[in-house]
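K.L.:
Turn these sequences into a full structure, and let the hints guide you.
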Amino acid sequence: MILIKDEIFARMDELSAAMKKVARVLLADYPSAGLVSAALLASLAGTSTPTVLRLVERLGLGSYPDFQKALRNEITHQTSSPVNRAAHSTVERVGGSFLEAAARDRIALIEQMLSIVPPTEFDQVVALLASSPRHVLISGGYFSKQVARTLALQLEQLIPHVGFADDPLGHDTLKYLELRRDSVAIIIDLRRYELSSRRVSMMAKKQGATVIVITDEELSPCAEDADLVLPIPVGGVPFDSFAALVVLAECLVEAVFHRVGKKGLERMRQWENAVQIHRTFKDTSAREARATPERVSQTSA
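So the sequence shown is numbered by numbering that gives the first Met the number 0: it starts at 0 and just counts up by one.
Among the clues, some could well be false.
As the list claims (entries may be wrong) - 25 Å max Cα-Cα, derived DMTMM-like pairs, lysine to aspartate or glutamate: (1) K204 / E216; (2) K20 / D215; (3) K174 / E155; (4) K144 / D104; (5) K204 / D122; (6) K204 / E217; (7) K144 / D165; (8) K4 / D224; (9) K19 / D165; (10) K205 / E177; (11) K204 / D215; (12) K205 / E253; (13) K19 / D5; (14) K204 / E177; (15) K19 / D224; (16) K144 / D215; (17) K144 / D122; (18) K204 / D226; (19) K144 / E217; (20) K20 / D226; (21) K19 / E177; (22) K261 / D181; (23) K19 / E56; (24) K19 / D122; (25) K4 / E110; (26) K144 / E155; (27) K20 / D181; (28) K68 / E110; (29) K261 / D224; (30) K20 / E6; (31) K19 / E110; (32) K205 / D165; (33) K204 / D165; (34) K4 / E56; (35) K19 / D166.
Simulated from the structure, these hints should not be mistaken for laboratory data.
P.N.:
In structure tokens, the structure reads:
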């Protein structure tokens with residue numbers, strides 16, 4: 000059964016700016032948001048009723064009552080089907096390697112990501128980051144902050160003025176108050192959404208920054224403040240999977256690298272020459288250095 004939300008994700012790239020607002024409201028509170036009147040949905044999205052009706056028509060669902068009937072059918076199917084509930088909770092691994100099965104699940108998430116992330120919004124994010132904004136400030140949630148930190152560290156080697164906010168509502172608050180119209184705030188907020196992330200998105204928006212939200216298919220409340228939204232699938236057992244999130248972050252870094260070209264490569268060279276990372280090298284010079292005291296001892300004897 001193809002869900003309406005999947006159809007919305009698939010067509011997001013071809014929607015007008017006004018229709019995208021309606022789509023994001025629908026996805027943020029799916030399917031409940033679609034069960035209200037067309038006028039109320041338009042009000043929630045800050046658009047007009049005709050825009051809502053055009054979106055429904057674009058989705059190939061006919062009239063608004065037809066759209067709501069389809070939503071109710073989805074709800075009935077999901078709540079009444081034991082098979083469907085079982086498929087979305089515990090999957091019995093029969094035969095083969097558990098490693099292979101679990102890895103294939105995550106590969107499927109990455110493939111699904113390709114159909115969910117709007118290419119034009121991804122390209123806009125890359126172009127924005129490559130344009131040398133005044134600030135790029137990145138934050139994440141309780142778990143996702145680890146990916147946010149890595150994204151910040153890697154982007155910092157390619158473009159200037161990149162920062163990571165470890166404690167956005169604490170000692171990093173001033174970083175958000177310094178954002179301006181030519182600044183960018185990237186917020187990773189996955190289900191179960193965090194109140195601190197919403198406060199950060201609202202603060203960044205108030206400062207005039209461009210807000211980019213990376214979230215899951217159900218859409219964080221931060222999406223309401225976002226200029227650009229990159230949604231990813233996160234379904235996993237026993238915790239939500241970061242597979243698609245990590246791949247998306249790596250794709251962003253690689254795309255920015257190709258976009259900035261030689262400037263990024265030169266910045267990487269400068270970083271390599273300036274930063275000293277202590278490592279262990281197993282080479283002949285190291286072995287000779289370790290052997291020197293022994294030779295000296297033998298000579299002395």
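K.L.:
When the structure is checked against the list of hints, which entries are broken? Sort them ascending.
P.N.:
9, 12, 21, 28, 29 and 35
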